[in-house]
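Input sequences plus hints: build the corresponding full structure.
Chains D and L supply the protein sequences, listed in that same order. For what it's worth, the working numbering labels the leading residue of the first sequence as 146, then goes sequentially. For what it's worth, the working numbering labels the leading residue of the second sequence as 15, then goes sequentially.
These are calculated hints, taken from the structure and not from any lab test. Ideal Cβ placement from N, Cα and C applies to all residues, glycine included. Fair warning: there could be bad hints in the mix.
What the hints assert, rightly or not - Computed cross-link-like contacts, DSS-like style, restricted to lysine-lysine with a CA-CA straight-line distance of at most 27 Å:
(1) L:K436 x D:K289
(2) L:K218 x D:K292
(3) L:K218 x L:K436
What the hints assert, rightly or not - Sample of chain L residues with no beta-carbon within 10 Å of chain D, all distances over it, derived:
(4) N116
(5) R327
(6) H445
Claimed, not checked - Examples of chain L residues toward chain D, derived with CB under 7 Å:
(7) R412
(8) I416
(9) A431
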Amino acid sequence: MNQMTPNSMLSIRNLTVDVEDKTILQGLNLEIGKGEVHAIMGPNGSGKSTLSHTLSGRDGYQVTGGEALLNGEDLLSLETEERAHKGVFLAMQYPVELPGVNNMTFMRESLNAVRRARGEEELDAVSFIKMVRAKAAEVKLDPKLLKRDVNSGFSGGEKKRNEILQMALLEPQLAILDETDSGLDIDALRIVADGINALRSPDRSIILITHYQRLLDYIEPDFVHVLSAGRIVQSGDKQLALKLEEQGYAWITGEEAA
Amino acid sequence: MITLGKQRSWFEQQLAAGSMQRTGENPQWLKLAREDAIEAATRLPVHNRQHEAWRYTSIEGLLRTSFTSGEQLYQQHQTTVDNLLLPDFDSYRVVLVNGQFNAPLSTCDDLPPGVRLESLRTALDTNPDLLATWFGGIANHSESIFSALNTALINDGFFIHIDDNVELQRPIEVVYLNSGLNISEDQQLMMHPRNLVVLQHGAKATLVERFVGTAPSSYFHNNLTEITLQQNAALKHYRLQDESRDAWHLGSISINQQSHSDYRGVTLAFGGAWARTEYHLDFNHEHASCGLSGLYTVGDKQLTDFHLTVKHRVADCRSREQFKGILYGAGRAVFDGHILVDKDAQRSDAQLSNDNLMLTRNAEVDTKPQLEIYADDVKCSHGTTIGQIDPQQLFYMRSRGIDEATARSMLCQGFAAEIIDKIDLQPLHEHATERLVTSLKRASLPGTGR
Chain D
146 MNQMTPNSML SIRNLTVDVE DKTILQGLNL EIGKGEVHAI MGPNGSGKST
196 LSHTLSGRDG YQVTGGEALL NGEDLLSLET EERAHKGVFL AMQYPVELPG
246 VNNMTFMRES LNAVRRARGE EELDAVSFIK MVRAKAAEVK LDPKLLKRDV
296 NSGFSGGEKK RNEILQMALL EPQLAILDET DSGLDIDALR IVADGINALR
346 SPDRSIILIT HYQRLLDYIE PDFVHVLSAG RIVQSGDKQL ALKLEEQGYA
396 WITGEEAA
Chain L
15 MITLGKQRSW FEQQLAAGSM QRTGENPQWL KLAREDAIEA ATRLPVHNRQ
65 HEAWRYTSIE GLLRTSFTSG EQLYQQHQTT VDNLLLPDFD SYRVVLVNGQ
115 FNAPLSTCDD LPPGVRLESL RTALDTNPDL LATWFGGIAN HSESIFSALN
165 TALINDGFFI HIDDNVELQR PIEVVYLNSG LNISEDQQLM MHPRNLVVLQ
215 HGAKATLVER FVGTAPSSYF HNNLTEITLQ QNAALKHYRL QDESRDAWHL
265 GSISINQQSH SDYRGVTLAF GGAWARTEYH LDFNHEHASC GLSGLYTVGD
315 KQLTDFHLTV KHRVADCRSR EQFKGILYGA GRAVFDGHIL VDKDAQRSDA
365 QLSNDNLMLT RNAEVDTKPQ LEIYADDVKC SHGTTIGQID PQQLFYMRSR
415 GIDEATARSM LCQGFAAEII DKIDLQPLHE HATERLVTSL KRASLPGTGR
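Right, here's the structure in full:
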């Protein structure tokens with residue numbers, strides 16, 4: 146699995162990461178090919194969020210060994226915004242509220258920053274508004290929310306849809322969805338999943354980090370991995386997720402179920 | 015530390031320097047007011063840090079500087095002045111250059127009936143009796159030494175008087191173009207504009223005051239404004255302090271409100287090396303309301319000080335004061351807001367808040383919101399916060415491709431938006447936003463230190 150192939154999008158090799166002097170990821174290996182959807186599951190504290198935050202460059206996650214290559218290029222030495230320019234997108238478990246920052250302004254600034262970095266022309270206000278309205282309709286986000294402050298006072302479902310809208314605008318190569326299903330009722334989950342499915346493409350890879358098999362009923366992954374104690378300990382297809390739903394993690398991690 | 019004797023002699027020197035430059039033949043009441051103020055200026059205690067109201071704001075630097083009131087002919091090309099005016103802003107404009115009315119730059123003709131807008135000097139010539147009715151009625155020069163200095167050294171200013179039930183549609187704009195250029199090395203220019211605003215019963219108007227430093231230079235601008243709002247009158251008052259970053263600015267605004275009158279103020283402070291703005295607001299009759307919103311940014315070598323005194327003397331009045339500050343470099347700010355609710359002021363509704371965003375370790379704010387309540391049926395609150403940019407917000411924005419400096423600037427603008435959005439004159443709103451962004455650019459310059 147550790148061979149670099151022409152089809153490779155993300156290649157993580159022997160990654161070790163400390164958070165506050167505690168080693169969380171302990172030699173993690175993961176290969177993600179172009180266009181593939183990988184689900185990463187695992188018990189609490191196994192390192193799922195650490196993986197997503199490390200890949201997006203959050204402060205406080207100390208890489209002590211190993212590497213992560215995006216299209217063969219060292220990802221971990223880049224600043225957070227540079228990773229976004231290269232096509233990494235993190236949909237957050239808890240999207241942050243930005244009081245006083247207009248949602249439309251924020252998204253335009255974001256899209257134009259990415260376009261500038263890619264050597265593309267910035268979008269003028271009129272073209273942007275047209276584009277964002279169309280994409281908001283696709284993810285069923287109330288257009289009124291575009292005029293509000295970013296995520297401020299949004300419901301859980303609205304926040305997640307706002308994340309998917311940003312993903313649709315930025316058209317990332319690698320999207321990491323960190324527990325996107327958390328806090329969503331079944332209708333909201335379906336809308337968000339539809340939005341994600343619409344963004345599946347042969348050029349886009351997706352990592353779904355989730356606790357529950359439920360999400361995978363809506364977004365069918367190509368691969369399922371189990372993360373435990375900072376390592377991928379089991380990989381398989383969709384069937385693995387069903388087995389986990391039935392039997393819990395103990396049979397893999399060797400621990401008693403909580 | 016400057017000795018008390020030296021401080022006293024500073025005020026005496028300024029009085030002497032200014033005495034040469036007063037307006038021509040003064041009416042008797044003004045002569046008396048001046049004499050009274052001179053007497054007060056030589057008698058009043060000089061401010062020092064033992065005075066609570068001046069505890070965090072040192073005037074030693076000011077007292078070390080020698081000033082002159084020399085009448086400066088202001089040489090400025092029209093093109094430069096044009097740059098300082100707001101584009102597409104349709105106003106009745108009064109321009110005071112170094113404190114003196116400048117007719118060619120002003121456009122305050124064609125006023126509707128019932129509206130007077132003129133320089134103080136003109137009003138002294140044409141309407142001395144009307145002026146006498148209102149002059150000195152609110153600001154008390156026998157209590158503040160700087161007010162006494164202003165009264166003693168009055169040279170010019172503006173006078174607004176609006177008759178009963180007249181609603182002025184276009185805003186009145188007063189632009190102070192200040193420049194201490196062409197003054198000798200050891201002396202700096204001082205100016206003491208004196209302004210009077212009277213809105214009679216049911217009158218409505220919008221007043222914009224802009225203080226503009228036209229060049230990097232040092233001077234002392236000591237401004238005193240008295241505002242009277244009669245029954246049912248309503249004033250919107252925007253004040254943008256954008257002095258030279260080497261300048262001293264002292265602004266004192268005294269407001270007297272009669273029943274059912276409404277005062278809406280937005281006050282922004284970006285400039286000055288040392289800038290203090292005082293609002294003294296008195297409710298004298300029931301059912302009046304005021305709302306004052308403030309924003310300040312301070313960086314290296316800047317001190318900005320806001321002092322508010324709101325007096326609920328009678329029942330059923332409402333006051334709102336909301337101030338926000340952004341501090342960077344080694345910038346310093348002082349906020350002192352005091353709300354007094356007298357024992358007869360039942361059902362008073364008062365809220366006071368001050369929030370500060372500290373962008374650097376070396377910035378400092380001394381903030382003191384105070385409520386003093388003697389009535390027992392009131393709705394009052396006050397609060398203050400001091401915070402930093404949230405790293406989670408910063409990370410979120412950067413993860414969307416926005417670079418750190420831009421993200422910080424956007425978050426600061428977001429913090430300030432609540433105040434700036436209270437400006438409902440579009441050209442002024444745009445100008446204020448631009449000035450804020452310029453100020454924030456300084457905050458992200460290297461060397462401003464985290």
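Practice task
Would you list, in rising numerical order, the hints stated earlier that this structure does not obey?
Solution key: 2
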